[in-house]
Structure formats: structure tokens, C-alpha cells
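Engineer: Letter 248 of the sequence shown, counting from 1, is numbered 248 in our numbering, and no numbers are missing.
Simulated from the structure, these hints should not be mistaken for lab results. Check before you lean on any hint, since a few could be wrong.
To be verified - Cβ pair distances, simulated, as ranges:
| no. | residue 1 | residue 2 | range |
| --- | --- | --- | --- |
| 1 | G214 | A176 | 22 to 30 Å |
| 2 | T384 | V205 | 21 to 29 Å |
| 3 | V205 | I50 | 37 to 45 Å |
| 4 | A183 | N411 | 48 to 56 Å |
| 5 | E481 | L234 | 46 to 54 Å |
| 6 | L227 | D186 | 24 to 32 Å |
Claimed, not checked - Derived lysine-lysine pairs resembling DSBU-like cross-links, with alpha carbons at most 30 Å apart:
| no. | residue 1 | residue 2 |
| --- | --- | --- |
| 7 | K266 | K350 |
| 8 | K44 | K209 |
| 9 | K374 | K337 |
| 10 | K237 | K191 |
| 11 | K209 | K138 |
| 12 | K402 | K209 |
| 13 | K402 | K388 |
| 14 | K266 | K119 |
| 15 | K88 | K149 |
| 16 | K124 | K138 |
Cβ coordinates follow ideal geometry from the N, Cα and C atoms, glycine included.
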Amino acid sequence: MNKKIQSALISVFYKDGLEPIVRQLHDLGITIYSTGGTQSFVEKLEIPVIPVESLTGYPSILGGRVKTLHPSVFGGILGRRDQQSDIKEMKEFKIPELDLVIVDLYPFEETVATTTEEKLIIEKIDIGGPSMIRAAAKNFRDLVVVASKSEYQHLEELLKEQKGETSIEQRKSFAAKAFEIVAHYDVAIAKYFNGTGNSYFLESVNSPKAMRYGENPHQSGIFYGDLSQKFKQLNGKELSYNNLVDVDAAVNLMDELTDTSFAIIKHTNVCGAASRQTVKQSWDAALAGDPESAFGGVLITNGTVDNNTAEAINEIFFEVLIAPSFEDDALDVLRSKKNRIVLQSKPSDKSRQQYRSLLNGVLVQQTDDGNYSKWEEVGGRPSTEEEKSDLIFANILCKHLKSNAIALIKNRQLTGKGCGQTSRIDALRHAIEKAKQFNFDLNGAVMASDAFFPFSDCVKLGHAAGVTAFIQPGGSIRDNESIEYCQQSNLAMVITGLRHFRH
Numbered sequence: 001m002n003k004k005i006q007s008a009l010i011s012v013f014y015k016d017g018l019e020p021i022v023r024q025l026h027d028l029g030i031t032i033y034s035t036g037g038t039q040s041f042v043e044k045l046e047i048p049v050i051p052v053e054s055l056t057g058y059p060s061i062l063g064g065r066v067k068t069l070h071p072s073v074f075g076g077i078l079g080r081r082d083q084q085s086d087i088k089e090m091k092e093f094k095i096p097e098l099d100l101v102i103v104d105l106y107p108f109e110e111t112v113a114t115t116t117e118e119k120l121i122i123e124k125i126d127i128g129g130p131s132m133i134r135a136a137a138k139n140f141r142d143l144v145v146v147a148s149k150s151e152y153q154h155l156e157e158l159l160k161e162q163k164g165e166t167s168i169e170q171r172k173s174f175a176a177k178a179f180e181i182v183a184h185y186d187v188a189i190a191k192y193f194n195g196t197g198n199s200y201f202l203e204s205v206n207s208p209k210a211m212r213y214g215e216n217p218h219q220s221g222i223f224y225g226d227l228s229q230k231f232k233q234l235n236g237k238e239l240s241y242n243n244l245v246d247v248d249a250a251v252n253l254m255d256e257l258t259d260t261s262f263a264i265i266k267h268t269n270v271c272g273a274a275s276r277q278t279v280k281q282s283w284d285a286a287l288a289g290d291p292e293s294a295f296g297g298v299l300i301t302n303g304t305v306d307n308n309t310a311e312a313i314n315e316i317f318f319e320v321l322i323a324p325s326f327e328d329d330a331l332d333v334l335r336s337k338k339n340r341i342v343l344q345s346k347p348s349d350k351s352r353q354q355y356r357s358l359l360n361g362v363l364v365q366q367t368d369d370g371n372y373s374k375w376e377e378v379g380g381r382p383s384t385e386e387e388k389s390d391l392i393f394a395n396i397l398c399k400h401l402k403s404n405a406i407a408l409i410k411n412r413q414l415t416g417k418g419c420g421q422t423s424r425i426d427a428l429r430h431a432i433e434k435a436k437q438f439n440f441d442l443n444g445a446v447m448a449s450d451a452f453f454p455f456s457d458c459v460k461l462g463h464a465a466g467v468t469a470f471i472q473p474g475g476s477i478r479d480n481e482s483i484e485y486c487q488q489s490n491l492a493m494v495i496t497g498l499r500h501f502r503h
């Protein structure tokens, strides 16, 4: 059923984009009620406005904490126009019918982001705003509620095209958005007070972006979040669902590498990685680790991409390239293919939690920060400086492979890897086979394992392939078998105390 707007209550924090709506309301002969700063804004437009105080009989009190919390306001919002008893009471108490409520919320999240002063943050917890929004949304059969400036343009078009009339479908749509806005606001407040919380899974992320499809073409997908906080896109098509998953894996890996490095990610696993003096040298070594798997991958570096590097990268097909900076002539090369995605990374905070939906709930865990809780040399000799450098690098790369995982490193270059295997020995066999496939000499290489060696077979097989130093978390009841083999064979072994399963 269509309803004609005859009166409106406006009480907003943000005035941007409000003027055209106020003028349209006036042109349509709609009575406007308002409060405080919004009232002054309307008056400056030389448009008649009735102060809410004339309804409540009270001025704004308690430093502005109480302005609209009054039966004369909420009665005008919640009164049911098809209930004669409601209409009778509204007339008895001189409560006007309100047909449009335009209310936004105090900037709580923005305040939390810019200060730690509790007093300022608490004062940005809106009380009247959410109450009016919820009341108006509840009574959508009779009212239009606009709870965000993002809806101003839609309202403006509606007022212009329909001359102040609205359908039940339109009012319900506005109400649905209003409830979402209030829910997001309440989650932000609850998270401020409770941190991660214990009683409920509290998370609310806005800015939805529809993907072309999900992981596969028959699946739908949506990304919630503001990618512009993480990247500036310099070229290419929109990121796909799978692109985003791999970009996340790439960023998480590169965040842990401090020296100039390059990495190639495929299906969330690192398939090529190296640290060298220059970005170009790092790229060459990373690609050499597995040039087959690099096809269609996500590439990332923590250095500036110059023209020489761009020319080399340009020779292969890849989906995404991420770097903190690019030289201008390098960008010209990389932009030669219009669909190729080029992202300039921005400094940003790392998430401290990870979520996964499964069964009928959500799993929440802290991110896997840190690489070892101890550095315990338990082999037949201490690791050399060169081996130690490679072991640190290997441990980081192995942490970012799917379990069961083995990484073989030589001269801070990934020379072989096995991942996603159901047994650790199979992961090692895959890693050795990869190294052989691309003609790597494993003599003097080091090996990392994401979890303990359940038997001594991995150490023996690795040693036979040329590995001279091992790094693993330890924790097996049969640790001594691997340790004793290293001691007897004059091999280095480091126990870290931190397992890095990744499923």
C-alpha cells in the first residue's frame, strides 16, 4: 500500500548531501521536525522547521545526551495508523504522525580509530539515534526510515519521481538496511567493550563486493571489506575470489620476510621464493625454484619493481603482482596486458584473528604469529651461520605451506617443497622430486618441517639427498630417533617448540 509523506523528523550528524532532500521536502509541503545542529542547518536554508523541543516540552539536556527520548517523539514513530486505539491516544496526547525519519549515528568507529581516550569514545555511543531508527524500521508499514547518508541519493530520487509517496516494498527495503546499520553499530560497541568476546561470535564487516563467482563458476561469492586500505590497484581486472585467497597467502608470507625477497604463490602455497641483494635477483631465483608452477600464479615482493625486473616478469603469464612501489617505466611494461592485476601494497595492520565457518558454527583462532619459541641446537653439531640463515628462511616458508609440509632451502632459495600430503615422508619425497626436476644440487641444503618428525625416516631420506641441517618443532615421543641420527651423522638439527599446521 502506498503512503504519502506528510511529516518528517531529521536528526543527523553528517549534513553532506542533506540539502537537496530538505528542499524537496519543503517543495512537497512536508512538515519538518528537527533537533540541534540539524535544526540550525535547515534554518540557514530559510526553510521552516519545528524544533523537537516543541513536542517534548523539554530542551536538550545532560549535555545533549537526552533530546528525543520522549513519548511525543516515539509515539509519532511507533503509532500504528491502522489501529484506532493508537490514533485515539496520539490525538489525546497531541502526538503528530511522523512519516519519514532521517537519522544517522554518532561516529563511534571513527572515534575509536583516532583516539584511545575512553571519555571521548563513550560519548560517541549513540542512544537516541539507534532507538529512533529501530522504532521507525519496526513500523515500516507506515514510515520510511533513512539511517545513513549513503541512502540520501536513493531517497532524493524517490521523492522526486513519486512526489512524496512510497510503496510498502520500498519502506521495507529501507527498514532492512536500517536494521543492518544498527546491528553493525552495536557489534562495534560490543567489540570495544569485550574484545573478542566469549558469549557470541561478534563480527560485522561492511562494503560488500560481489565477485563474478566464488571458488568455482557455479558458486556465488561476496567479499566484505575495503581493499583500498590494503592496496592501490594500478592495472587489471577485478580481483576474483581465488585471486583474493592467494593474495592473502602472499601478503601473510611476505610480511615475515625482512630481506629483499620475491615469492610466487599458487593455490595458497608458495611454489617459488628467494631472498637476494636485488629484486631482480630475487625474482630470477624464485622463478627458478619451480617455473612450471609459476604459470598463472600470484607474485609478491617487498622491494621496488624496476624496469629490468618488470621485463623479466613480463615473459610469463601471471594473475597478480604485488609490490610496495614500482618505477614508472616498469609500470609501462606491466600495463602492456590490460587484464593483468598490479597492486601497490600499503602499510596496514595485520589481523590478529582468523575465522572459518564449518558444520553449524564458526571456528575462531589467533593468527599463527612467531616462528619459534626457542632455538635449541640438538644435532651432532651446531648449525653454521649459512645453515642458520637458510633454516630461518626455510622455517618461514614451510609455515606457509599446506600440511603436511616440507621445505628444502639452499642459499635462501626454495629448491623443493612438498605440501598437502597425508604423510610427512610423502611430502619429503615430493620435495626431493621437485628439486631433481629442476636440477638442484641438494648437497648442503637444509630442511624444514611444519610439525615433528614422527620417525627418523625423514631425516635419513633428507640426509641421503644431501641435506645437512634440519629445523622442526619437536614434540614427538620418538624425537630421540631423529636427534640421535643427526648426532651420529654429524648433522645439525634445531628444535623450535612451535608447530605450524595449516589446513
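Engineer: Under the constraints set out in the numbered hints, which ones does this structure not fulfil?
Structural biologist: 2, 8, 9, 10, 14 and 15
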